[in-house]
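Each of the two chains sits in its own frame; use the hints to bring them together as a complex.
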Amino acid sequence: MERLYKKINVLLIVMIGFSWSCSDDFLVEEPTASLPSENVFESIQTASAALVGAYDALSSYTFEGLYWPIMSDLVGEDLMLVPGSGNWGWFVETYQLEVLPNYTWVDEPWWAAYKIIYDANQLVAFAKDIPDATDEQKKAIEGEGRVIRAYVMLKLAQMYAPAYHTNPDAPSIMNVSVPVDANAEDFPRATNREVYTQIESDLLTAIDKLGSYDDKGFFDKRAAQAILARAYLDMHEWEKASKMAQAAHEGIELMKREDYYGFFYRNSETIFTVAFNATDNNTYLTIPSFYWPEFGYSSVRANDEFVNKFASADYRKRFFLLYEDIDPDRNLVLKFEHNGQVGNAERISIRASEMYLIEAECEAELGNFSAAQDALWEIQERVSARTSKSTATGQDLINEVLLERRKELFGEGFRWNDIKRRSLPFVREGDHWAKWNFTASDEDYFRLTFPIPQSEIDANPQINEEDQNVGY
Amino acid sequence: MKKLLSIVLLSFMIMGSVVAQSMKVEGKVIEKATGESLPGVNLFIEGTQVGTITNIDGFYSLEVPSGDVTLVYSFIGMQTVKEVVRDRTVINVALAPESEQLEDVMVVAYGTTTKEAYTGAAQVVESEIIEDRPVTSFEKALQGTTAGLQVSSSSGQPGSTATVRIRGIGSLSANSSPLYVVDGVPMAGSLSDLNPNDIESLTVLKDAAAASLYGSRAANGVIMVTTKKGKAGKTSISFNSQVGISSRVGDGYDLMNSSQIYEQTWMGLYNWALYQDKQTIEEAIVYAQDNVKETVGFNPFGVDSPLDDNGKVIPGSKVLTDTDWRDEVYKTGIIQNYNLNVAGGTESTKVYFSLGYFNDSGTTIGSDFTRYSAKLNVRHKVNDWIEAGMSNHLSYTETNAPPGGGAGANPVRSAEIINSASPVYNPDGTFNWKNKAAFDFNPVGLYEYDIYEYKTKRSLLNAYLNFKLLPSLSFRTTGGIDYSGDKGLNYYNPYHGNGAGVNGRSTIASTENVNWNISNILIWKKQTNNSSIEVLAGQEATGNDYEVLQGAVTDFSVFDMPDLVWGGTPVMPVSYSTGWTMVSYLSQGKWNYKGKYNLSASVRGDGSSRFGEKNKYGLFYSVGGGWHLTKEEWMPKLSWLNYAKLRASYGTSGNSSIGNYESYGLYGSGANYSGYPGLTPVQLENQEIRWEKNAALNVGLEATLFKRLDASFEWFTRKSEDLLFDKPLSASKGFPSIKTNLAKMQNTGIEATLSYGVVRSKDFNYDVSLNISKYRNEILEMTTDEIKSGTKLIEEGASLYQFFMREWAGVNPDNGKPMWYTNVASDDESNSTEPGSAYLDPLGSGKQVTSEYSDAERVRLGLAIPDFYGGLSNSFNYKNIDFSFYFYFSVGGKVYNNDYAVNMHDGTNPGYNLAVDAANAWTPNNRYTDVPRYMVDGSDNGEEISSRYLEDASYLRLKNISIGYNLPQNICEKIKMSGLRVFASGENIWTLSKFKGFDPEGALNGTTANSIPGVKVFTFGLKVDL
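Residue numbers (the working numbering), protein chains in the order written: chain A, 1 to 472; chain B, 1 to 1026.
Chain B with its partners taken away, still in its complex shape (with noise of 0.2 Å):
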């Protein structure tokens, strides 16, 4: 310590030596090419601290001790420039940009390169992509940016945030989204808590020799994410407000209406009598007309017996009661947010501060989200060799979220099952609970009544110090923090829904979430003529403790007032905590040679709490290796050649996202009964569980063509080793599924990244960019033959996420009865022969056909993965006009409809709501069609999972379109600001798609789930610079 004090007092001293005696410069700094004066530029004197700025005007005047000193001048954005005073006391100074070496800098694993000395295939998306699009969470923004990135929104929930995959999908069950890195700290909570316009850069690590470093979690690629800094400079400040409005982004397949489910449910129950329960067509027709209206649950017209006896609407009937669910449920949502951005520095002190609040009222009733969110970023230099700096992101955010899935409480669920006969309203104004799809569940009503609230606050704090202890060689020691704490409520009342049959349940959970990181990097760094050598070497501690605390209580004496005060009866309370730590060594060499040949290798060594003691440790390592083209002298120069670089790279890395306590055999708590407390099995031991681990080779070609065309070509191949995967059991296991790494994995694929300058000229330019990416996943091994569950497959040779069901082949025509081909030569089952139920298909296939389920084989039927998929932009210029916009496509691939299933579900939910299309169910005078029979309560199985649902998921859409106006700057400085933009943008505005459901953007694994569907937004926005 006492050393530590001197330094700090020998600091203090050598500046006070150098303010001693004094002579004055002055002069103006102006920019080469234009003339123009530059105001905020940075001049100091070499080695020391003393310096000034250049004022609006460009001028400066600073003391000098002696002529004897160098003044060094620097601009963001411009080439330093340095002056030996002697005797001048006006030294005028041009500066020259600097763009070709800026561009080039990218954030990668523990500190920074150039593109051209990089080993690794990587890709930078900068802040303009991510900048003022209303999107809650920055990973949004990426879909279509960048190849090989695969962004896929499930839910239009407001906050939610969208699945992303690196180049295929790298482990069956365990996590397989990318690591996120923020200022060089890996991060723990939700992406929606960050500020998407706090971002100056991504870097999407995608090969091994980009991501290695980061070991047992990179097997998954890396984004790092580089957060805005100060400038050193004149302080900026930019005001930047944005409003717009959204809504479902497709309009989905129609619902029946009133009089379109009344008629067909008196169809169902004809049929029913007739073919079913052998009634006359009399007594059939009787059947219906008594039925009709239980089965329907409402009379929505205004007179008792509105059907005739072919069970068509009487005319003039009138319709009382259309209720159209779906208006009920969604609603136009409104994003608004606001930025205020604070930049500026000194040459040794650089700060970036912002505020800013983003608000989406959501589409659906009950879904909003609001962010309040503040950004402090601090660097300072404390002397000639140390560094210091903070990095901190406070946020509060608000989400109310609907349950989703099946759950009764669901309202996009409601909105597409309950039919519209049945009102929101009683004719007394209360509401109406009595539909006979959902019981006593009003999604209006429950809207109006319950809550599902979650409160966040999170707060990601980096602080790190850098020591350059010799020219050569620096010390960074970085330590992070990153907290969040939430609180859900979920409150359901007392008289209907999920509360009714407990008088009313009020819970609250509070989960804190920390995780803490600690590094150690050595940097030696050394420079010859003709190469350069970078080692680093350094290590990592990291841990995460979560804990959960959660009470609730029913029987609520009062309405409406959730606190757990309130509740009569409590329920038992919860708490526990889980936590994992992590230890790694790592170290990473870098070598270029004469700027033709650069070679990287890295190891690192990772330690994790979460494996068994057998399996506790990992080694992963990577080589790559570039080589410039064009920089050989044999090289001929060709006029149409400008860059050329071939790179290849291969390592490996490590998945460790499991559970903190997977190697134990568990018995859990809360198993009681008749009052006492009991304990019960919840998990087998496992003490063989490892890592699971990836192997990954890319070669890359990067080139720039024309000087005007910049393309990239890439080819990988990952093979993913020991893959945890729930391996189904036996029932005498006493579990369904264990987890195992018993699978072996590749997925191999190749992108393509072009980018043309269509036009450059001084007032206009047009850009244009495609990436594109193909991807074929295949299981190479696994221990169990196959495994089928649901609509799937998974077997070795074939894709994750292949379907696999009985294959439909239509409706009979003679009964009306579902079909199905026997498929009898399939392996679904080994017998091959012919059902007893097997006929020659009437429709003509030449192929057997049964009307028994059961009878049918499964076989498979393509995959939920893309053939290819990738981004088109087109960006113009125009003086200061700019307009953009850009598609992203999805080509292949299929989805599941479960929920268009349900709405096709041929009388077998008699209460459920129907899609039109069901109207065209098989008659006696409707014999060809694809719709079976319509019966209530039929057990012709027409409804259960097979190819009648599964759709094509290609699609074609407009993912952003903007268009923007910069104020002239002559314009701008007589009303005293430095900028002023007015800017409109779309997003997702146009869909070209054959899927039948709202939107064909969803799961990864291709089924549907009753999500709140995506959102289409366009926004008006004014940013101001001062």
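Extracted from the complex, chain A is given alone in its bound form (with noise of 0.2 Å):
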């Protein structure tokens, strides 16, 4: 009995030794290399760090860093990617308007786009509860949410639903504006009308909360009204598209001729761009690794046509180059240069020249033929496009106008969105390799909207097929 009781000691200091008290703290693991969202909104540190976030997500190159950029010239008549081999598969069927609704192309940037739009909801929604940030930043945080959103809520409008001009009750995209949780009830396509309706109010109480920043990597008061300019543009409401436009250039200066080359880094006419910088960015997934003919994918071409549009004195047509030791055949374009390394150039969104070009294009829709006149020369005269002033009226004006927007901003991701805001004709003549000519009537229009993707089809029992955009 003594012999069990010894035992029975050893046991204990054994059991002693190798006991653990399981209270409940024991079962408790926090993550320390991420952050509760609920602690993200308690000071000022973090939520400014949120809102850094959401422009980085902003400059993925599944949405603004490329994606949406590239493929709104490619669904154009100026540019286009070199024939086989040479494109490595990137973005072709895009380019011979043959997508379908599970292609990458169709997916990614839709993802991206509402990945986006989540983060900017958090921003919208609970900045004015930061506990520890003053007024003005409070209203920053919330401000830029709010271009955010209406920044990726317009380009995705254009890209998947129909022009909101043909029909303002046509079903668009999904018009998410608050935070919501997984279980939350799914959104159905709104209409053009209420998507727009959005942006307009979110770009209203942003050019009242927002001031003006130094910094053109941030959305500001300015980069609002320029984004609220391109709303007004595609609902045809002119005169509120002109003055926001004027708002939006008033007292910038444009690049003058000599330094009319700088589309990697910032220029003086910039509004926003997407800045990249040397540590920063996405290498070969980048609108220089495509579009400048060497170091890169360097897959981009400038349609014969399209090049000799240009006055032989324009400055801009130094921007193309028939050089055969590249491609013996077809234009290369080279208005977007790396900056020191692959990939390190930033991609300038919105400049002061587009402004111009929606004041002209909009003074001349109202008549207002001389301030258009004005407006024009302003981007014409500083590149010698003309050697004088337009004299030009009525559909005459607007078309320059138009033609103009094509020459100035090509590859800058306008000509898509540009056709089908007016409902013009798609015409791809000379060197295209994927010719297309159709006319707003024809049945084809359809390839001018992309499918709604079928990710979001398969996982929304709010969108089903019957949604599915006409032609997919």
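If you are wondering where the hints come from, they were derived from the structure by calculation, not from laboratory data.
Ideal placement from N, C-alpha and C gives every residue a C-beta, glycine not left out.
Treat the hints loosely; a few may be bogus.
What the hints assert, rightly or not - According to the in silico footprint, chain A covers these stretches of chain B (three or more CB under 8 Å from chain A): (1) 676 to 685; (2) 732 to 741.
Claimed, not checked - With a Cα cut of at most 30 Å, we get these calculated DSSO-like pairs of lysine-lysine: (3) Lys278/B x Lys309/A; (4) Lys293/B x Lys335/A; (5) Lys1023/B x Lys32/B; (6) Lys525/B x Lys6/A; (7) Lys231/B x Lys32/B; (8) Lys6/A x Lys526/B; (9) Lys879/B x Lys762/B; (10) Lys434/B x Lys335/A; (11) Lys312/B x Lys6/A; (12) Lys381/B x Lys6/A; (13) Lys455/B x Lys229/B; (14) Lys468/B x Lys6/A; (15) Lys817/B x Lys435/A; (16) Lys435/A x Lys278/B; (17) Lys312/B x Lys293/B; (18) Lys435/A x Lys293/B; (19) Lys243/A x Lys138/A.
Here you go:
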């Protein structure tokens, strides 16, 4: 019995050594490398970082960094991809106008965009509750959040919905403007009108809340005005668009002829740029990688008919080059350069020239031909596109403005929507290798609207095959 | 502490008193059957530590205190004999074998049992199956050995481990791998760190009665790994060396040579100009001639215009370049395996020690694996009631593993897609980087310049103390640490490939993974005349810490120096740690009545840090019973039925294999922009997340017939509930999916194992064994109706891994366009009207087809899961020669051959190489074919996902064949050895399959992903026992 007693003593010693207090604390493991969401808006420091994160999401190559701007010109008449193996398969079906709902080109920008909207929704909803933020800081976070949201929604609507002016009640994109949790009811396609109303209201609120920034890598009041001008242009609200465009370019000095090559760093007329830098860029998945004839994919070419539209004195004509060693057949594009290393270049998303062109177009539509001619002359004069101010009026003037837009803004992501928002015919001639020729009344016009991605239809009970865009 | 000291002192005193007076006893120990002397027999005075061992001739002599003591003679594999000394001074003993009893002892959850008394479904795999196989990790040797166990290797990368599933697929998105328990302690790191030659046996725990005691980690079964132990007796030293060669398991489909790809590309350009660009035939010929070189990338011929106006090579054109990229990427591997084992000990202290070296130079450039391992197992009887032991495993591995999948630097992918007109080297001997398939990636050049190196230090340390408190009560406390330290180095050279854009990049990541485990188990056993009862109760705590530290630099000032000091620009460094903890209480009871009836029951409660506040705890239980029919009195004694047992069990278990912080809504770092630090949402909040539950029912019958035939049949059904599943979300939720406990799934199956001793004689034995398994996987419930993704459809009532895609209808003979059946009746889209593009199948199926890909609806097209699979083994022994071979078979089940699809691209990837099959493309002169017209940049969509690339993955494989010769004992003795064996073996050397790729064995989900193909291996080995 004594022996047993000893055994039990030994056992107790061992058990004390190995026993663990199994309180609830033992079963709580908190992440150390990520931050619980509810803590993010508890200080201005983390909330500001969340705002930076939303810009980072915007800069993704699947959205503003590459996909959106490059596809917006490939669905157009002025640029193309080199045919054959030289295009490495990138964006080919987009250029061919042969996309399907399950294609990467359709799928990725949609998902990237809604992630940015998700991020922005948190900023807009929670900015006002940040305990240690000043009123100015709260306004900035909410205001920039709203601009980010509006900017992304406008681009989404332009890609995935029929043009606003053709049918304001047509099904557009999902209008998600509040933070939602995973179990919340899904969103159907809103109408164009609802989407543009949301964009307008976000931007008007932002214009009210935001001031002017020196750092053009972030959206400020002027950027909000510029984006609103674009939205009004889609809506054919010429007067409002013109007013916003004027407000956006007021006081900005356009690039002079001698520095008219700055499309890889911030130039004097930049209103908003995606601020890539040497350590933070998408390397090969960037605009210069695809456009510049060396060091990257280098697969974008300019259409010969388009190049011929430039007057020989036009300073912008030197952006094109026929260089046999690289491509014996097609014009290279020299507008978007690398800045020291592959992919290091800012992507200028909004600049003042576009605002002058919006003003010119709207004033021409409103019959204020002289004002339109003046605005147009600002663009033309400095690049010697013409020797004297245009005297055209009416539709001729509008056509001239539209042609000037093509020349001024090619490669910057406008042509696709410029065709769509005015229901222009789509005509590819010359050395295009995927030729099309159709007008707004032709069945093929559906090709200017992307399908809703298959992944969205598969996951969202509110959007079914019946809700798919015409033609897909 | 004082008490402990007194006990230690007490022990010394007892020992001291024993040696006080003495008399001498001597004698010889022989084997009863043969009369041969037995060296190394352990004998000791009962109740003491005093003893000795017989010498080489079986003799012993021992001082004993008096004639009253009892001597105990024991030898492994022999029955123990006890002799009271009385007044004898010479005691000769004959020992008889104890074979039956030993065979049946099996290691199970938290203890051992006998096969007869066991109520669960489990199978033991002995070391003979695992030893001497040229595999890097033991689980690969298990394929085909055990019913219900599915082992599938999706990569031939040396050191990569196989996917293992026990009784179907238990989970949708959480881990479905079984739990591995090494010497009683669950392990965390890689299986390939263990030396298979150190393994004594494996027990595969299949049903609830067997596995439920592991609670929340048992849902997918458990594999118990028992390592070798020392034995009392003569120290045995064994040296084993093995050398072999390995090569790709299959040849796969042929790829085009440079003339073929040049001709095919010409055709593709011509077709584009003619059909797409509406040029005239003459213009199209000119277009094709002008562009063929640029499209292929190179003119592989010695003349400028090698093709005639029909696009055929002009006879006499000399081919200068014809690269077989597969030859460049694949090579013959060398496998070397050396092991030194030392085992021995006394009755009180037993030691096993081993050193191992394994090297596989790999079959693909840039891939290899080296393992250095050491093992030390020690058991020591501290006194008559305390035993202490340690089981230590140390290893160091070095792996080189190039990236896989779609990465540009994946050599396997490069070998398939870079066309044969592209040279490896430029005329000046430098590497050529200008191929048209993988921009700036030359696999041979990257092998020279880039580094993908991983080094792992692993230590698996388990220690235990066993206290025999009373004859009926024992207590065991075990502590284990499983540590893996990994260092990974990825270096991209500054000039080409991944590093070119940033002038070189080097990333070094260091991870440390520590898993700790402590368990305290009390076991009470009571034996009466008619029955025995055993009760186990215990507590366990487990935790894990995982730490990562990573640094990277770009912009290198020197070439080929990967260390971070050489980089000019630092990349954001990374460090983080994660962890989890678990606390458990467990209990089990076993009852045996007259050897006829066995009952068992277990219960375990687990609490885990991985789950949200609401769902931290889980309770799991099992009940099982066994009934020996042949032991019933009423059962007639049939000469043909020697043994029959019926088993049944039911129980629950869980699966907690998910991320550590899944319940939190999280923001992550690194979303930096314009030089400012940024945060971004990375995970949605999910407080509802809870354990996956698994309920399993098993019925089994075991029998021995005619004394020769062992048969076992099992029927099981596993119902898994609350399965964690990535529910796809609408983009509006910000994330593509969220983990939810939304599915129910069931696996129902049967297993049969038959072993027959065909011939049993003195000199010749022949055994054959067959196992076969079949299971059906069915999703019972989901909260979403269906989930379509890629090639699959997940829906209620169907199996996971169900293929869902457009159905290929062949090629329209009139225009060469691809056709798919419209299948409007399919529920893929709700309307059932034929699309405008539909037309009657010109090939005469009578069905409607379309050449517009998007107009065809997707249909269900079978499963990736095989209908049944199993193994058939044959082993022969003739005198000193043994010969064995076994087959593995997998019948039914499909695979979507992504790799083949890439090589049959119909012109959409014009710079990529093609399978030779692509030459059969439609032309006006070749109208009836299954390959559409070949058109550069075509938009016919024939290469999109459809049943065109869906193949039958059935196969029969000669998994292992081996022959060995043991030098006869008398010769061994002459050369002072206890044994010498020479052997040769072949692994995977023959495969029968219709599959077009390299290897029909692949990922369980039935898709290929440019992985390093499996290998076949021939080895030759020598084993010397001293």
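Against the structure, the hints:
{"no.": "1", "hint": "676 to 685", "verdict": "holds (count 10)"}
{"no.": "2", "hint": "732 to 741", "verdict": "holds (count 7)"}
{"no.": "3", "hint": "Lys278/B x Lys309/A", "verdict": "holds (26 Å)"}
{"no.": "4", "hint": "Lys293/B x Lys335/A", "verdict": "holds (29 Å)"}
{"no.": "5", "hint": "Lys1023/B x Lys32/B", "verdict": "holds (29 Å)"}
{"no.": "6", "hint": "Lys525/B x Lys6/A", "verdict": "holds (21 Å)"}
{"no.": "7", "hint": "Lys231/B x Lys32/B", "verdict": "holds (21 Å)"}
{"no.": "8", "hint": "Lys6/A x Lys526/B", "verdict": "holds (22 Å)"}
{"no.": "9", "hint": "Lys879/B x Lys762/B", "verdict": "holds (8 Å)"}
{"no.": "10", "hint": "Lys434/B x Lys335/A", "verdict": "holds (25 Å)"}
{"no.": "11", "hint": "Lys312/B x Lys6/A", "verdict": "violated (96 Å)"}
{"no.": "12", "hint": "Lys381/B x Lys6/A", "verdict": "holds (18 Å)"}
{"no.": "13", "hint": "Lys455/B x Lys229/B", "verdict": "holds (28 Å)"}
{"no.": "14", "hint": "Lys468/B x Lys6/A", "verdict": "holds (12 Å)"}
{"no.": "15", "hint": "Lys817/B x Lys435/A", "verdict": "holds (20 Å)"}
{"no.": "16", "hint": "Lys435/A x Lys278/B", "verdict": "holds (10 Å)"}
{"no.": "17", "hint": "Lys312/B x Lys293/B", "verdict": "holds (14 Å)"}
{"no.": "18", "hint": "Lys435/A x Lys293/B", "verdict": "holds (24 Å)"}
{"no.": "19", "hint": "Lys243/A x Lys138/A", "verdict": "holds (28 Å)"}
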